[in-house]
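Colleague: Residue numbers (this note's numbering), protein chains in the order written: chain G, 30 to 126; chain Y, 70 to 597; chain Z, 1024 to 1756.
In short, the hints are calculated from the structure, not lab data. Any given hint could turn out to be false.
According to the in silico footprint, chain Z covers these stretches of chain Y (three or more CB under 8 Å from chain Z) [what the hints assert, rightly or not]:
hint	stretch
1	278–289
2	454–464
3	502–512
Only pairs whose alpha carbons sit at most 35 Å apart, straight line, appear in this in silico DSBU-like list of lysine-lysine [to be verified]:
hint	chain 1	residue 1	chain 2	residue 2
4	Y	Lys273	Y	Lys193
5	Y	Lys538	Z	Lys1695
6	Z	Lys1557	Z	Lys1387
7	Y	Lys563	Z	Lys1057
8	Z	Lys1461	Y	Lys538
9	Z	Lys1695	Z	Lys1243
10	Z	Lys1695	Y	Lys368
11	Z	Lys1057	Y	Lys538
12	Z	Lys1057	Y	Lys193
13	Z	Lys1688	Z	Lys1243
14	Z	Lys1381	Z	Lys1652
15	Z	Lys1557	Z	Lys1381
16	Y	Lys538	Z	Lys1243
17	Z	Lys1461	Z	Lys1387
18	Z	Lys1057	Y	Lys119
19	Z	Lys1243	Z	Lys1557
Quick reminder that beta carbons are idealized off the backbone N, C-alpha and C, glycines included.
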Amino acid sequence: MLAESLALSAALFTIGVVGVLTRRNAIIVFMCVELMLNAVNLSFVALSKVYGATGQVFVIFVMTVAAAEAAVGLAIIISIFRHKKSVNLQDINLLRG
Amino acid sequence: MTAMLNSMGYNGWILTLLLALPLIGAVMLAVQGSTAGTADAAAKVSSARKTALLFFLVEAIVSLGLWWSVDYSSAEWQAAVTVPWIPAWGVYFRIGVDGIAVLLILLTTCLMPLTVLGSWTSIKEKPHAFYAMLLLLTTGMLGVFMSLDLVLFYVFWELMLIPMYLIIGIWGGQRRLYASLKFFLFTMLGSLLMLVAILYIGFKTAGADGVPVFAYDTLVQSGNYPGNAALWLFGAFFIAFAVKVPMWPFHTWLPDAHVEAPTAGSVVLASIMLKMGTFGFIRFALPLFPYAATHPMVKSTVIVLAVVGIVYGALVSMVQPDFKKLVAYSSVSHLGVVMLGLFAFTTQSVQGALLVNINHGISTGALFLLIGMIYERRHSRQIADFGGIAKVMPMFAVMLTIVALSSIGVPGTNGFVGEFLVLIGSFRTQPIAAVISATVVIFAAVYLLWALQRIIYNPLARPENAALKDLNMREVGLLVPLIIGIFWIGFYPKPLLDRTHAAATRLVVQMGGVPEANTTVATPGEGR
Amino acid sequence: MQAHPLAETVARLVWFLPLLPLIGFLINGALSLKSAYVAGPADPDGHDGEHANHGEHQDVGGHGGTGHDAHGHDDHAPAVRHKFAAITSIVGPGVMVLSFGLALAIFFAMRGAEMHNPYINTLFSWMPAGSLQLNAALQLDALSMVMVLVITGVGMLIHIFSVGYMQDDPGYPRYFAYLNLFVFFMLLLVLGANYVVTFVGWEGVGLCSYLLIGFWFSEKANADAGKKAFIVNRIGDFGFMVAMFMIFAHVGSLDYVTIAERAGSFAPGGLVVTAICLFLFLGCAGKSAQIPLYTWLPDAMAGPTPVSALIHAATMVTAGVFLVARSSMLFSIAPVASLTVALTGAVTAIFAATIGLKQWDIKKVLAYSTVSQLGYMFVGVGVGAYTAGVFHLITHAFFKALLFLGSGSVIYVMHRAYHATHNHGDDAQDMRNMGGMKQFMPITWTLMWIATLAIAGVPPFSGFFSKDEILAAVFSRAHGSPLADATLLGMPGSTVLYLIWVLALAAALLTAIYMTRMMLYTFHGPNRTGDAAKPHLAEAPWVMTGPLVVLGVLSLAGGWLNLPKVITDLIPVGPTATLEHWLEPVVGAATSRVAGGAAHLSATTEELLIGTAVAIAIAGIAIAWTRLKPAALTTKNAAVPATGIQRVLENKWYVDEAYDATVVKPIYGASKGVLWAGVDVGIIDTMLVNGTAALARFFGWVGSQLQTGRVGTYAWLLVIGAVLVLRAFARAS
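Pulled out of the complex, with its shape left as it was, chain G reads as follows (with noise of 0.2 Å):
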């Protein structure tokens, strides 16, 4: 069971980034981080099979980030829409050094 649940893991993960590098809308940009957390806490749930507990509270632990996150991240997002009229990753450069 093990190595299904890490290519299954990996496999999302791997979705996760290809959407991070190529999509330009910011919302899907961020789902697909939120996919690769989740990708991670499959292993982590998988692996604590094998190492104990700790896998599993570092879970909770992401989720509770991940949640943290999403609430923050969709703010921005949205007072970057209300202000710009448009989430489009690149429209947005203002950090550009």
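Given chain G's structure and the hints, the job is docking chains Y and Z onto it.
Modeller: Just chains Y and Z now, kept in the frame of chain G:
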């Protein structure tokens, strides 16, 4: 007195109280400030300064007991308190004092009410925040003098940095941002290196359980680092403290910070914060790394830097058009004397250095207060803007003259006793350095008397000076304690010397010197 | 330990001697400050008008005042006497009278006691630091007793004189406060039982001198002169301090008694003791205005004239001579240093005398004369004739105080006349404005002539005896003494001593000339004050003339203190060598050590020497009398402008200008241009500090170029980085 204090268990709670009181005061001021909201500016200033003065006065009065309660000849830490803080990392809240620390603590607590009085009318913006910063700063400074745990020491060391940064940056003069940033970065550079060194020695000394050790006493006793490591560690501490002292060539933050800081900031900076540097050497850098400190190369480097600072500070001071800058550079010179005394490692020179520390706090503090007073009236610190004001401000002239003479080191004032002891002690081990440094008696007279002449003597040529009003009762009152200190230490320094003798001897012995007992003295009045 | 014979006498009150003037200082200082101080408004920034009406108080302010009453230029208003003038007139001189009375009492107690050791009165432990145990202690012995008598005695007379001279000054209580403080420090100086207590007095008198020279501080020249005096003195004090360091490092104590006990451990003529003595002498040169540090003393004449008499003639400037005598246990084993002292003294004596020849300001003449006479004293103590040096110090205190106070009387009278006639253009101190004062001030004239004859060395006036003793000592040491065997600057000691003797004689000749010149232009010839002022010229009040008379008697008879044997053998006029016997316990051993095997001069030689000295003095007076024509100088402008060497003399050999160009300006310029602008601002701040900041900014700029601001770019970079790290891990494992 001692018995009475002991019956109150004074030594048990005093240090903790001294640290806590200003914190409580700062919190109270913050609350007061946020609730004062709509009150008019004058009422705000009045409420803030009164609260602050109250706290500082209580702090000063409470602290005075230390003068009697502490056993100065004891080898033990006095009034010590140890409470676990983060025991898993070997960090404890460990405080205690010896003679050296007590004098600096008393200097701090007694000077702070005067700085509030000195800022009485000059701070009009955000008064609550200002006085809260002063109180916070006090906790930081007192903590540095008490800490017996290296991590705790570091925390206090950084704690006092931030309020001072804000005091200069918010309430300062024209170029306050430049000055405050420079001050912050200079100090930070040194203290970060010191943090690395603290962590290194903490982990290096860790026991079998892997818990690092930051307890001062343990580190001093077990501290045996391989030669090169000791030199590097000493170097890290050295930079942190040398910036603070300030030793040449790490001094350039000082003139800027002094000139831009408000009066209270300058006073605290000069009188107390600079002492952190020399105190750091006495308490930490020297006892922790005796090998490095007595290494001939290190010793001669420090002595050379000290002597350069003494002469250089005096010469540059001489040509300053701004009175505050003049005093700032004179601090470089005076603190150079302290460093010379410390690294000469004789009983006289170390005791003299400790005394110069205190003296400089009194005299330079008074000078900055006086500059603040004249600045409030005239809104200028340029020496050339004055002249002949002894005519219109006789009391100011008398005070300035006394303080300047003390800073010059005229016998009968405190300045002489300290300087003389440092030089006569240093001559025994570092004759050439002592002779070069002795020229400071000439240059100090040149720069201060020349400034004195251009400010209070000469013709009263400018009409705007003719209307200046003399000091008021508050200003005279706040200067009087300092003047008393000047003459008291000048004529009868024995109580101070007795209190530092044991600690100084300990340091000299740690540095491989010969201990010298106080030989018996003929009883007063006895003829021969 | 056996109790000291003085322990149970009035001598245990010795600490009252300095305490009394200190009390006077506190009272007068408080009065001065009280009358001057008007508290400012609560908020210094506020411009409230409620305090404006206090303006009138400030005019009577003791501190500041109108600044130049005694040399007034523009104050037409009638002089307003200070409201506390009456109290000050009692307290100021009063404490001096008490102090002098106590000094006399102690003196008689000492005469009655059989004492071999100095009486040490320890007040309290002052600086205990390890092996350095400094006590605040006073030492009473023959030497300090003599000094105390001179200081309190002459000081008392000058205080009384000051009442007349200064009482209309707005700063009257301040003046007496400083004067009392000066006496306090001066007594501390001579009574100190260790070098450090002496040093306290030493610096303290310098401080008072600073304050009194700049007493009328509203004029820049006065403030400059005060500052110069203090700073030049500090150069000397540097030497004093280094000497103390060396003594402590090598002897382990700074107490005179202990040093005297342990001085034998020094190798005679050794490097250490010579260095100690030379550094000490640097201090003496500063305080006692010897080459190269003499330039402050003539400028110090900016102070009130009684100050010049007390501080810059009778007491403070002689502290250097006292210190050499006090340190005789060290100087007597350092022949090279002693020769240096004597030679410097001799060169200073002649050098200052040449300048004195061409000065027109009456006080400047006296100032250079003081420098010259101090040189004489150093010749005395330098050749180990400590008694002779101290003797000349005493007689000089008498006649120079008289000369200064006499000139003060003249200036006072001149100024009074100018003031009455509203003449503000002329200088009341310029001899070209005087002339013929003899007819208006006959008493002063007589007394001034007594002093002039005394300083010129004409018998039987006091100066003759003291000068003669110094010259005789120089001559006798030139053979067989350790001094004669030493070498200075490649010259054998005996040659140096003969040279000193010749220089001293030449200085004596010049002294007679310039003093006679001063008398001629001031008191003789036609009066040049102008017709308007003439009716106002008259003798000064008795409170001023009285002290002059006392000093006149002392100048006349002071020589009886120490009559040489050759005179008493010839004419039995009094006891022989009283002072020498008195000082024997203090300097006797040192004197005989310096004298070594030098044979006593035969009576014939001594008589010959005396004859030469007297002949030279009389020749000097005769030259001045015949060559100078005060009658030709009818108005100030008739004075012929000086040319050539005379001009150089009038401009004091341009030494001030040379110091300014070679010392003051270079140090100032280097400090400002090189150290501050160059090192501090240029190298440290601009290059190192701001340079570091610029470097950080540069790297920041490079890094910022990587920031496109596009999230996509960052994500790609992140992934690439992650892959690289993973690969690195994979390889490593």
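Colleague: Could you run down the list of hints and mark each one as holding or not?
Modeller: Tested hints:
Coverage of a stretch by a chain is defined here by at least three residues with a beta carbon nearer than 8 Å to that chain's beta carbons; for the stretch 278–289 of chain Y and chain Z the count is 0, and the condition is violated. Residues of the stretch 454–464 of chain Y with a Cβ under 8 Å from some Cβ of chain Z number 7, which satisfies the need for three, so the listed coverage holds. Coverage of the stretch 502–512 of chain Y by chain Z holds in this model, with 6 residues showing a Cβ closer than 8 Å to a Cβ of that chain against a need of three. Between Y/Lys273 and Y/Lys193 the CA atoms are separated by roughly 51 Å; this puts the pair beyond 35 Å, and the hint is violated.
Annotation: proposed proximity of Y/Lys538 to Z/Lys1695 holds, straight-line Cα distance about 34 Å (limit 35 Å). With a C-alpha separation of about 24 Å, the suggested pairing of Z/Lys1557 with Z/Lys1387 holds against the 35 Å cut-off. For the suggested pair Y/Lys563 and Z/Lys1057, the alpha carbons sit about 33 Å apart, so the restraint of at most 35 Å is met. Annotation: proposed proximity of Z/Lys1461 to Y/Lys538 is violated, straight-line Cα distance about 50 Å (limit 35 Å).
With a C-alpha separation of about 23 Å, the suggested pair Z/Lys1695 and Z/Lys1243 falls inside the 35 Å cut-off, and the hint holds. Distance hint between Z/Lys1695 and Y/Lys368 is fulfilled; the C-alpha atoms sit about 30 Å from each other, no more than 35 Å. Restraint check for Z/Lys1057 and Y/Lys538: the C-alpha separation of about 16 Å stays at or below 35 Å, so the hint holds. With a CA separation close to 33 Å, the supplied pair Z/Lys1057 and Y/Lys193 stays within the 35 Å bound.
Proposed proximity of Z/Lys1688 and Z/Lys1243 is supported: the alpha carbons are some 19 Å apart, at most 35 Å. Distance hint between Z/Lys1381 and Z/Lys1652 is fulfilled; the C-alpha atoms sit about 14 Å from each other, no more than 35 Å. The hinted pair formed by Z/Lys1557 and Z/Lys1381 meets the criterion: a straight-line CA distance of about 26 Å does not exceed 35 Å. Of the supplied pair hints, the one linking Y/Lys538 and Z/Lys1243 holds, its CA atoms being roughly 23 Å apart against a limit of 35 Å.
For the proposed pair Z/Lys1461 and Z/Lys1387, the alpha carbon gap of about 21 Å is at most 35 Å, so the pair holds. Between the alpha carbons of Z/Lys1057 and Y/Lys119 the distance comes to roughly 30 Å, so the proposed pair stays at or under 35 Å and holds. Simply put, Z/Lys1243 and Z/Lys1557 have alpha-carbon atoms about 31 Å apart, close enough for the 35 Å limit, and the pair holds.
In summary, the numbered hints that this structure violates are 1, 4 and 8.
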